[in-house]
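Visitor: Single-letter residue listing:
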Amino acid sequence: MTLDLLRLLLTIALTGAGLVFYVAGTLGLLRFPDTFSRLHALTKADNLGLGLLALGLAFQAPGWAEVAKLALIWLLALLAAGTVAQLVARAALGRGAR
Amino acid sequence: MTPLIALLALPLAGALMAVAVPHRGARIAGVVVVASAGALIMLVAQWGIPHAAPGGWGAPLGIMLEADGLALAFMAMVLAVMAGVCATAAPMRELPTPFWPLALLAWAALNAIFVSRDLFNLYVGLELLTLAAVALVATGGDKALAAALRYLIFALTGSILYLAGVVLVYSAHGVLDVSLLAATLPAPTDRVAMGLMTAGLLIKTALFPFHVWLPPAHAAAPAPASAMLSALVPKASFVILLRLWFEAMPDAADDRLLTALAVLGALAVGHGGIMALRQTRLKQIIAYSTVAQIGYLFLVFPLAGGDGAAQPWAAGAWTGAVFQALSHGLAKAAMFLCAGLWIIAVGSDRLEDLRGLARGLPMTAMAFALAAITLMGLPPSGGFTAKYLMMTTAFASGQVVWALVLAGGGLLAAAYLYRPMGALFAREIPAFTPVPRYLQAVPLVLALLAVGMGVLSDGLYAFLQLGRPGTAEEGL
Amino acid sequence: MAVFDLALCTLILLAALAAVAGPGLFRAVVFFVVYGVLIALAWVRLGAPDVALAEAAIGAGLTGVLLLGAVGRLSRAGADEPLTSRIDWPVALAAGLVGAMLVWAVLSLAPGPGLAPAVAEILPQTGVENPVTAVLLNLRAWDTLLESVVLLAALIGLWPLARGGAWQAAAGPVHHALPDGVLAGFGRLLPPVALLVGVYLVWAGAYQPGGAFQGGTVLAAAGVLCVMAGLVRAPGMAAPLWRLALVAGPGLFLALGVAGMAFGGFLLFPTALAKGMILAIEMVLTLSIAVTLALMVLGPPEGGGAQ
Amino acid sequence: MTVYAVTGALLVALGLYGLIAARGLLRRVVAFNVVGSGVFLMFGALGWYEGHTDPVPQALIITGIVVALSASALAVGLVVAHARVSGGQVLEDDAP
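Chains as they are written, first to last, in our numbering: chain A, 387 to 484; chain B, 82 to 557; chain C, 7 to 313; chain D, 4 to 99.
If you are wondering where the hints come from, they were derived from the structure by calculation, not from laboratory data.
For each residue, glycine too, the CB sits at the ideal point set by N, CA and C.
Be a bit skeptical, because a hint or two may be false.
Said to hold, decoys possible - Have a look at the derived ranges for each label pair, beta carbon to beta carbon: (1) A:Thr388 - C:Gly118: 55 to 61 Å; (2) B:Asp539 - C:Asp94: 51 to 57 Å; (3) D:Thr5 - C:Trp209: 33 to 39 Å; (4) C:Met289 - B:Asp539: 52 to 58 Å; (5) A:Gly402 - D:Ser89: 53 to 59 Å; (6) D:Glu95 - C:Val43: 32 to 38 Å; (7) C:Ala100 - A:Trp450: 20 to 26 Å; (8) C:Ala100 - A:Ala454: 50 to 56 Å; (9) A:Leu405 - C:Ala100: 39 to 45 Å; (10) D:Glu53 - C:Ala210: 35 to 41 Å; (11) B:Gly139 - C:Gly118: 17 to 23 Å; (12) B:Ala496 - C:Arg169: 42 to 48 Å; (13) C:Met289 - A:Lys455: 19 to 25 Å.
As the list claims (entries may be wrong) - Chain B residues, not near chain D, derived (Cβ > 12 Å throughout): (14) Thr83; (15) Pro84; (16) Ala107; (17) Arg108; (18) Ala116; (19) Ala213; (20) Lys224; (21) Ala225; (22) Ala227; (23) Ala229; (24) Ala264; (25) Met447; (26) Phe476; (27) Ala488; (28) Phe513.
Produce the complete structure using the sequences and hints provided.
Guide: If you want it as structure tokens, here you go:
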């Protein structure tokens, strides 16, 4: 019982923290002046936010297989976000953005 | 394999093979034509209503397929037209290779629609037909792109409205099968469902005022594709309309609604005829003629539907409309194939360029004249039988106004078809590239079939009654 | 949870509004993708994870990629979207009327179990445990066979649009990617993972959400990425093997359907063999779907890298 | 779950407006997809009963999603080819 409660609290805390990072990243996307700082805000904050969400949800997973799936999702999202950020930055450079 | 399944599987298999072996497209289509003819003869010889339940489940869990007289007659018409299309298209080098798989896919979709008893399966069939038909227009090259796009937008609007109606039908009744639906109690949402499905199908059938996509699309496509598009494609959605209004939900028919459909049909007859009079290119005349000829089909709704469905004359009007759809298909295919051959011969379809061509290509001129007789509704053609049957009902049921539409439409057809005929039979000796005789014979055979429908109307009339909804059966 | 549903529906409507009537074509397409993801979320709420997967992968993902690609090609062709300033009131009235009728119909329909109990009853005879897969590949296999052909028809429909009529050339535009760039690295890393996920989705479809169309989409995405990264050349229809890959799935489906007539009917899968037959169809169908979708996304040949 | 069905109905109206009234061709393709998903959402939400959705609509919706994608792919191809030829993404009103 206490273990379940502890897991629930951890989940709430971690997902809550993840959401804060998401909000921060979105604010940065909206408020920052140019493409590169926006990318910076978005990728950094969202990658961390997603990691926290995944970690928080892992405490609710019924088995290790689900934990592995969550980890895989996070890794794939990291990889995709990193690649896309690079490509967007390069495209922006190519078009003469600062 | 039963002949019914063969009729569905053959064009599908042919299309797949034509993708795998593209340079053999024409030959594959030829094999499909011959094999389908065999299967069709076996089915007609049974003189019954063969049916199939793919997967063995049957409705409501599975899909039911049924080849009643209506479905078989349309499949036979499609087969005849496709045979003609394949014969004329085979030697045409300028047709892009994808024409063959697309034509076979359209054929497969048509057969699938004619035999399907399931409203959602009909949707999938309609979409297959639409995509293949739009792509066939696009085989006309850069000049056909705008027409293809307009056609696609109209067709997609139509199919999504139809699908919305199907959703309401399933949500209210829990079944999609036409026969099972007829046995369910009416639901209050049925009117909305029928309205949406009908509106969608009207757009697809190109009934006035939803016809604006048809003339440019049918005129821009290569002639063999135009023949398929004008003769066959609008018939699929019309057959679904017949299934809905006469089989699935005959009780939803409201007299005002049925009259509204026929009024649109009458307007189509007038508008299509007048527009056809004003065109200078043959393919555009034929395309506008399709708009007018589709109009006649919609007179069936007040003549044979609603309160009149139980009357003894209803069978005549219903069968007359089917005769009209079938004979128009054969005649219109003949006309477009003639136009295609004349374009090969003189490089244009402008009326002034066709002057005197009857001397050079007499068989095609003969074919065009016979097809014109059918479209005007003169005896002894299939078009005459169609109009005779519908007029008899109009007088018997006291709806004389529709008889006037039929008569007036015939006069208009005579007027707009006189111009190309006058040009063809002008006393001039044109310069032209010769066309092989066997190619000239193709439209002639189709036109003769259209006329023959009238000569042999007794047998066809009896055949069409197989599985016909309604109570009364009246001979000619 | 009612608050959540209401909020989600509001977001869906707002995203749709931005996609249909918002300013800027690129923005509209981005909002359309967001809209698709939100719709997928709605499907999860409605207890329909199979549809959620299909919507996310196909409705939002692939359609979004197609539309984004078109935005790029249109701006390169100098074809800007015309500015629409005012509302077309007659059309708005007609659309509003349809909407009002639908809302009325939706509100007057009483919920019911539909065919769910009937499907559950015969599920053991279908050879699969996921009822949605049972409906798709057994009960209504004729629909699904035709649907796989619809997909093929759309692809063939793109061929007449190839530049210069060279429909057998390599699909799509020429792709320039740095051989050691990020995209190339991503392209090397992702395909094995995508292969795993794609095959898993098909395999799992028999007893849990997933299936040939969802799996095929994942594989197609990996393939398109490989082409964009310059790792492999875009397939061209001059190669018989690619053409065979396109028709293998529907072809096997049709062939096994006709073979079913030996057991008593078209598309009839006897219970003992159903699982194997359905899985065989799904696996080959996945391959065909993947190739078809990848070729669709790459677009008709634009004259680069002709073989 | 009626709220989802009503949302679907509203999406149909919104999308229909765009499909018919928009002039930009690609925008009309987007609108077509909105109508499609609206119809599907209606279908699924109406099939929802006691926590589950009827599997038959689910299967039909998946079929519908694939059909809509096919139509979109052909439409996008035509829009791009038309733009290449005409230099625009509007249909001239050549219809009488």
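Visitor: Classify the label on alanine 488 of chain B as holds or violated, using whether its beta-carbon is more than 12 Å from each beta-carbon of chain D.
Guide: holds (26 Å)
Visitor: Taking the beta carbons of glycine 402 of chain A and serine 89 of chain D, is their distance inside 53 to 59 Å?
Guide: At 54 Å between Cβs, range holds.
Visitor: Determine whether the non-interface label on phenylalanine 476 of chain B survives the test: each CB of chain D must be over 12 Å from its CB.
Guide: holds (35 Å)
Visitor: Hey, is alanine 213 of chain B genuinely clear of chain D, shortest beta carbon separation above 12 Å?
Guide: violated (10 Å)
Visitor: When you look at the beta carbon of alanine 227 of chain B, is every beta carbon of chain D farther off than 12 Å?
Guide: Since the minimum Cβ distance to chain D is about 6 Å, alanine 227 of chain B lies within 12 Å and the statement is violated.
Visitor: Is 17 to 23 Å respected by the C-beta to C-beta distance linking glycine 139 of chain B and glycine 118 of chain C?
Guide: Because 21 Å falls inside the window, the suggested range holds.
Visitor: Please settle this one: alanine 116 of chain B was flagged as non-interface, so is its CB more than 12 Å from every CB on chain D?
Guide: Holds, since 28 Å exceeds 12 Å.
Visitor: Taking 19 to 25 Å as the stated bounds, is the beta-carbon spacing between methionine 289 of chain C and lysine 455 of chain A within them?
Guide: At roughly 23 Å between Cβ atoms, lysine 455 of chain A and methionine 289 of chain C fall inside 19 to 25 Å, so the hint holds.
Visitor: Range first: 35 to 41 Å. Now tell me if the beta carbons of glutamate 53 of chain D and alanine 210 of chain C are that far apart.
Guide: Violated: the Cβ-Cβ distance is about 25 Å, outside 35 to 41 Å.
Visitor: Quick check for students: does the CB of methionine 447 of chain B sit more than 12 Å from each CB in chain D?
Guide: Answer for methionine 447 of chain B: holds, closest chain D Cβ roughly 32 Å.
Visitor: Beyond 12 Å on every Cβ pair: is that true for phenylalanine 513 of chain B relative to chain D?
Guide: holds (30 Å)
Visitor: Does the claim that proline 84 of chain B lies outside the interface with chain D hold up, using a Cβ gap greater than 12 Å?
Guide: Non-interface label stands for proline 84 of chain B: nearest chain D Cβ at 27 Å, farther than 12 Å.
Of the numbered hints given earlier, the model fails hints 1, 7, 10, 19, 20, 21, 22, 23; all others are met.
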